[in-house]
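Visitor: Next come the chains, spelled out residue by residue.
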Amino acid sequence: MVLLVRPRSRKQAAQRLLLVLSILLPIAILIALCNGAVPLGLSEALTGLSQTFGPGKDSQAAIIIGQIRLPRILLAALIGAILAMSGAAMQGLFRNPLADPSLIGVTAGASLGASIMIVTIGYGMNGLAGLSLVSIGAFVGGLVAVLGVYRLATSSSGSSVATMLLAGIAITALAGSISNLLEFQTDNETLRRISLWKMGGLDGASYERLLVATMTATMVLIALPRYGNALNALLLGESEARHLGIDVSRVKLGLVVWVAAGVGAAVALAGTIAFVGLVVPHITRMLIGPDHRYLLPASALTGAILLVLADTLARVVMAPTELPVGVITAILGVPFFISLLRRRHQYGMQS
Amino acid sequence: MTVLRVHNACASPWGEPLLQNINLVLEEGCILGVIGPNGAGKTSLLSALAADIPLTRGNIQLFNKPLAQWNPIQRARRVAVLPQLSLLNFPYTVEEVIMLGRSPHDTGARQDQIILAEVMQATDTTFLRDRLYTQLSGGEKQRVQLARVFAQVWHQPDDQARLLLLDEPTAALDLAHQQLLITALKNLAGRGCSIAVVVHDFNLLASFADQITALNGGRQIAYGTPGSVLTESVFADVFGVQVHISAHPESGRPLVIAAEARVPQ
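Respectively, the protein sequence lines represent chains P and X. Per our numbering: the first sequence = residues 22 to 372. Per our numbering: the second sequence = residues 413 to 677.
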């Protein structure tokens, strides 16, 4: 009933959106569990799900659900949540609705960091330890990139869109060429590992990856919303935020580190997935406004739902062949993004 | 209580000296006007008072405690700053922008709502409450930003002294809203909030300032009551222009009339 009444304020609209999204996420996960190369009915899927955690592990449905679909879907949800919340935080930090981890070089930096790690640890990269090291490499790479872009693009009068995007292009190009140089140097086996990893996607989902994703997501999804008030004040400008009692340099550093950790882990676990971090905060902001206390959690939920559904599409459109999920998010995201650019004045977004 | 005590303040944050040997004392509930030509150091002075730029020499005491020793939140509860330019380009509603002024405080939602209603009335922004900030006109944006900084220092439960720093608050306002602003400032000062304000309209400033300081090239040329600063010789010194000083027909305060501009023959 509460959903049918017109919201009186943005705060109410925001609380309502959070409620709706919390209901939609489990529904999206159920849809994803049922669909795939082998379609399952709802009851079959639920039975398979219960068998995964109990007796009857070896039934076909239990194997499909437990071994293949469940880890993959949960990984998609966690990575979607991380990417979307990181995007929302970045857009607030840069005071710029175009800031996105992949547009401003963070993704490329993380990619390079992970490649360097794969090359240096060579064959020992299987298992949890290897995965964690690659994630740390991606984290450091993303951090260096975002700090570089931030320093280049930000002056006392705010951040310039043009400089930010140009710095992003430069850092992406630099990271890409260093990556190529690395690949040029390495032996065939490592090269194969790098390219397999670069293709990424969610098809490599396993419980090991899920564990790393859960740990990172828990930290990032708890840490970032604590900057909600600070991000709200930062939208006014840095000195204005300082006059409102915000310790601006500490907040900036904290945000950059957490975003790099989140995006780094996402890149290490699933390769580059474009546009989730850009488009999801936009949709959410159109619905409830830019108040980060609600925008950050709502973006995380929307991102999780979107990536779970996009990944389901990726598994079924050309089944049994699977498309990389980044292809789907780009195909859906780009037209949406273009339409946002064309209609931005309708919802008050300038520049 | 002395709100501000500035002693021999010098600042050169980017190499060039922006402020040299500034001295002033601002008491509780008093209004200080800052005048000077473009680039005279008016905004630098406000930045120094807001602890945005460090001093190279001299010192600033805020509420009898060195400015640098204030914890950011404690300071934000008692000092609000209105900058010349607003960078906000995200679609907040007017209410959300104004409520940001309450974010350093934890006086509870009820108190915040009372203050919101009062500052919206004082700035004539009540009817804009649910509009998007990004879609307002320049003057409306300025009134909303004023409401935000008012909300920050509007009221203190224990009546502590407060300070409001305003950089050209009237620049985009029409005459009626300028007068509304002056009323609000006098009202705020009457309740113990001290105000330092940069304004280019001398007659407006003369109507409400208790003291005025004139800057030029980062130096303090004159400092005192409006009557002692707004003189023909100070205008010749600071602005290099000829003016006539008259008296306001009602208040008797100084009235500055620019001399006829002459085309050189």
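Derived by calculation from the structure, the hints in this document are not laboratory data. Only a predicted model underlies this, so the values are computations on that prediction, with no experimental measurement involved. Do not take every clue at face value.
To be verified - Some but not every residue of chain P turned toward chain X, in silico, with C-beta under 7 Å:
| no. | residue |
| --- | --- |
| 1 | Leu256 |
| 2 | Leu257 |
| 3 | Gly266 |
| 4 | Asp268 |
| 5 | Ser270 |
| 6 | Pro311 |
A virtual CB, placed ideally from N, CA and C, is assigned to each residue, including glycine.
Visitor: Next step is simple, just say for each hint if it's right about the structure.
Guide: Checked hints:
no.	hint	verdict
1	Leu256	holds (5 Å)
2	Leu257	holds (5 Å)
3	Gly266	holds (3 Å)
4	Asp268	holds (6 Å)
5	Ser270	violated (11 Å)
6	Pro311	holds (4 Å)
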